[in-house]
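> Here is how the chains run, residue by residue.
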Amino acid sequence: MILQVQDLSVSFGDIQVVDGVSFGVQRGRTLGIVGESGSGKSVSSLAVLGLHRDAAVTGSIVFDGEELVGAPAEQLRRLRGSRMAMIFQDPLSSLHPFYTVGEQIAEAYRLHRRTSRKVARERAVEMLAEVGIPEPRRRAGEHQHRFSGGMRQRVMIAMALACEPDLLIADEPTTALDVTVQAQILELIARIQAERGLAVIMITHDLGVVARIADEVLVMYGGRTAEHARSRAVFKDTRHPYTRGLLDSAPGAVQETGGRLRAIPGSPPSPLEPPSGCRFHPRCPSAMEVCAAERPALLGADHKVACHLEGVTL
Amino acid sequence: MTLYLLRRLGAVAAILLVICAVTFVIFYVVPSDPAVQACGKTCTPERVAEVRAQMGLDRPVWEQFGAYVVGIFAGRTLAAGVECGFPCLGFSYQNSLPVWDLLIDRLGTSVSLAIGAAALWLVIGLSVGVISALRRGSALDRTLMVTTLTSASLPVYFVAMLLLLFAVRVTGLLPYPAYVELTEDPVAWASNLILPWVTLAALYAAMYARLSRAQMIETMAEPYIRTARAKGLHERTVVTKHGMRAAVTPIVTIFGMDLGGLLAGAMITETVFGLPGIGRLAYDGIVKADQPVILGTTLLAAFFIVLANLLVDLVYAVIDPRVRYS
Numbered sequence: 011m012i013l014q015v016q017d018l019s020v021s022f023g024d025i026q027v028v029d030g031v032s033f034g035v036q037r038g039r040t041l042g043i044v045g046e047s048g049s050g051k052s053v054s055s056l057a058v059l060g061l062h063r064d065a066a067v068t069g070s071i072v073f074d075g076e077e078l079v080g081a082p083a084e085q086l087r088r089l090r091g092s093r094m095a096m097i098f099q100d101p102l103s104s105l106h107p108f109y110t111v112g113e114q115i116a117e118a119y120r121l122h123r124r125t126s127r128k129v130a131r132e133r134a135v136e137m138l139a140e141v142g143i144p145e146p147r148r149r150a151g152e153h154q155h156r157f158s159g160g161m162r163q164r165v166m167i168a169m170a171l172a173c174e175p176d177l178l179i180a181d182e183p184t185t186a187l188d189v190t191v192q193a194q195i196l197e198l199i200a201r202i203q204a205e206r207g208l209a210v211i212m213i214t215h216d217l218g219v220v221a222r223i224a225d226e227v228l229v230m231y232g233g234r235t236a237e238h239a240r241s242r243a244v245f246k247d248t249r250h251p252y253t254r255g256l257l258d259s260a261p262g263a264v265q266e267t268g269g270r271l272r273a274i275p276g277s278p279p280s281p282l283e284p285p286s287g288c289r290f291h292p293r294c295p296s297a298m299e300v301c302a303a304e305r306p307a308l309l310g311a312d313h314k315v316a317c318h319l320e321g322v323t324l
Numbered sequence: 013m014t015l016y017l018l019r020r021l022g023a024v025a026a027i028l029l030v031i032c033a034v035t036f037v038i039f040y041v042v043p044s045d046p047a048v049q050a051c052g053k054t055c056t057p058e059r060v061a062e063v064r065a066q067m068g069l070d071r072p073v074w075e076q077f078g079a080y081v082v083g084i085f086a087g088r089t090l091a092a093g094v095e096c097g098f099p100c101l102g103f104s105y106q107n108s109l110p111v112w113d114l115l116i117d118r119l120g121t122s123v124s125l126a127i128g129a130a131a132l133w134l135v136i137g138l139s140v141g142v143i144s145a146l147r148r149g150s151a152l153d154r155t156l157m158v159t160t161l162t163s164a165s166l167p168v169y170f171v172a173m174l175l176l177l178f179a180v181r182v183t184g185l186l187p188y189p190a191y192v193e194l195t196e197d198p199v200a201w202a203s204n205l206i207l208p209w210v211t212l213a214a215l216y217a218a219m220y221a222r223l224s225r226a227q228m229i230e231t232m233a234e235p236y237i238r239t240a241r242a243k244g245l246h247e248r249t250v251v252t253k254h255g256m257r258a259a260v261t262p263i264v265t266i267f268g269m270d271l272g273g274l275l276a277g278a279m280i281t282e283t284v285f286g287l288p289g290i291g292r293l294a295y296d297g298i299v300k301a302d303q304p305v306i307l308g309t310t311l312l313a314a315f316f317i318v319l320a321n322l323l324v325d326l327v328y329a330v331i332d333p334r335v336r337y338s
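Those sequence lines, one after another, are chains A and B.
Each residue of the first sequence is one higher than the last, beginning at 11 in the numbering used here.
Each residue of the second sequence is one higher than the last, beginning at 13 in the numbering used here.
Just so you know, these hints were derived from the structure itself, not from any lab.
Treat each hint with caution, since some may be false.
Said to hold, decoys possible - In silico EDC-like pairs for lysine to aspartate or glutamate, Cα to Cα no more than 20 Å straight-line:
1. A:Lys246 x A:Asp258
2. A:Lys246 x A:Asp225
3. A:Lys246 x A:Glu197
4. B:Lys253 x A:Glu152
5. B:Lys253 x B:Asp270
6. A:Lys128 x A:Glu145
7. B:Lys253 x A:Glu84
8. A:Lys128 x A:Glu174
9. B:Lys253 x A:Glu113
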């Protein structure tokens, strides 16, 4: 395991946003973290990079043998961009408007590898070529506003991968893009992953994305783990009613339900006033009395599920 | 780009012409007769009429205006055969000197005042703003913001008086400001200008601090700042290279116009400190209804502001790559 996260909790003041989540990812493998907005998936991944400046992070985050929770800021900074990299949802606002994309790619490379400007600039051009940007030398001298959405996300990927990190965290990298471009970006990530043996954490609310590229899936709800298993098991042997709901509400499931999308009723819980017991119980079609009273334990060895229905046939 | 520049310069000329016309008309309708002033108190009505004719004041206003505008570019001959060379802004009624010479004579003082104060307020204002933004909500931030709000609310003449009282009267740290040319004695130049600089800077630094704080807070919340941190950059690089670079862009606009306005004289500051600048000249012109001086100083101020605006727009194309003129 290049990354092993144990019992991670993240709070902002009195508000707990992530509550005891564990996951890990190996080199060359992809972990998909799935959940609605506010489920804590982005917060968890930002915690791995130490990018929460005013949050209390507890638990354990071990990256390649190094404990990161409580580590000095400088230690985390050295890892960021060099061994752990991240790409974000909206490449337009995630790229600086005043610097050329070449400068932005070269910047981190130059810092972490202590190279000259010239070498770093060459590296930027090389990376742009690698992520499939035509005329990379010319394009390196242009600003982000001259690129299309998909091209910008390629630039972000080039920037993230310039220092050859071991771990890439992709936070909804295709959400802001056209469907056809989405597929290209996912293919690009998969290709580079295969070439370099990169560990990838793919954060998304889109089960279609997860089904395509994830080896393992972590389903989060209200800051907690709902279901966690190998990708195939999650799709074929769905155990948690929330995961079930997510699968049924995906557009791919339309045919089975006679042309109508089946949405999960209600809305995600507010971290300000989380529901008692199982956080999904107010929206759960199979809720029982115990669900409102007790928090379900996360049970199972390979296929972990936090549901009072475990053992009961769905 | 060339076309854009030509179009903008054309607009500059048009704006100046309009300002000139408006100022001209305002002072034409003001009930004060320059002929009476020029002639003196003991003049007979016949003599006043003579003077009026000599000065061309009996001609229609548009004719006078036309002569004035032509004079700016080509020079003209004034009453009693006095030659007024290019660029002719007329003669001051009060001291019978060409307005242009008066302006040139005073420009050094106003420029010294404006540049020095601007350097001071930029350094103080931006530092305070950035520190406040980075320490948002802290006791330091609150203290600085209350201080700047107070400083921005105090009238210039009040701050000037306070400074004079403490620095000159009570402690005797500084001499009473008396303008010395930079070329003459740089040390005396600076020590005499410290109080006026501080006076002006106190007001502007406070406004710039509040503005840059707001800009900085907004910028530091941008996703590209998160990207910069995710790249593992040092926090100081994130703040200066990525944060401040974007945050100062709108401040450039305001700075250009503020500086442009001040170059043509800070009327209150110059008057309180008795500095012989253009602001002081304008003040004297207004008090004495010296129409050519008022027109001249107004035009100069308009010229600087309009020019500053144009420069700001051109600078923008350099600092913000998204801006392209065509």
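> So if I understand the rule, the pair passes when the alpha-carbon distance is 20 Å or less; does lysine 253 of chain B with glutamate 152 of chain A pass?
holds (18 Å)
> Given the hinted pair lysine 253 of chain B and glutamate 113 of chain A, is their Cα-Cα distance within 20 Å?
holds (12 Å)
> Tell me if the straight-line CA distance from lysine 246 of chain A to aspartate 225 of chain A falls inside 20 Å.
holds (14 Å)
> Do the alpha carbons of lysine 246 of chain A and aspartate 258 of chain A lie within 20 Å of each other, as the hint requires?
holds (13 Å)
> Does the alpha-carbon distance linking lysine 128 of chain A and glutamate 145 of chain A stay inside the 20 Å limit?
Within the cut-off at roughly 18 Å; holds.
> Given the hint that lysine 246 of chain A pairs with glutamate 197 of chain A, test it: the Cα-Cα distance must not exceed 20 Å.
violated (24 Å)
> Is the hinted pair lysine 128 of chain A and glutamate 174 of chain A satisfied, with a Cα-Cα distance of at most 20 Å?
The hint holds at about 18 Å.
> Please work out if lysine 253 of chain B and aspartate 270 of chain B have their alpha carbons no farther apart than 20 Å.
violated (25 Å)
> Does the alpha-carbon distance linking lysine 253 of chain B and glutamate 84 of chain A stay inside the 20 Å limit?
Distance of about 19 Å is within 20 Å: holds.
The structure is inconsistent with the numbered hints 3 and 5, although it conforms to all the rest.
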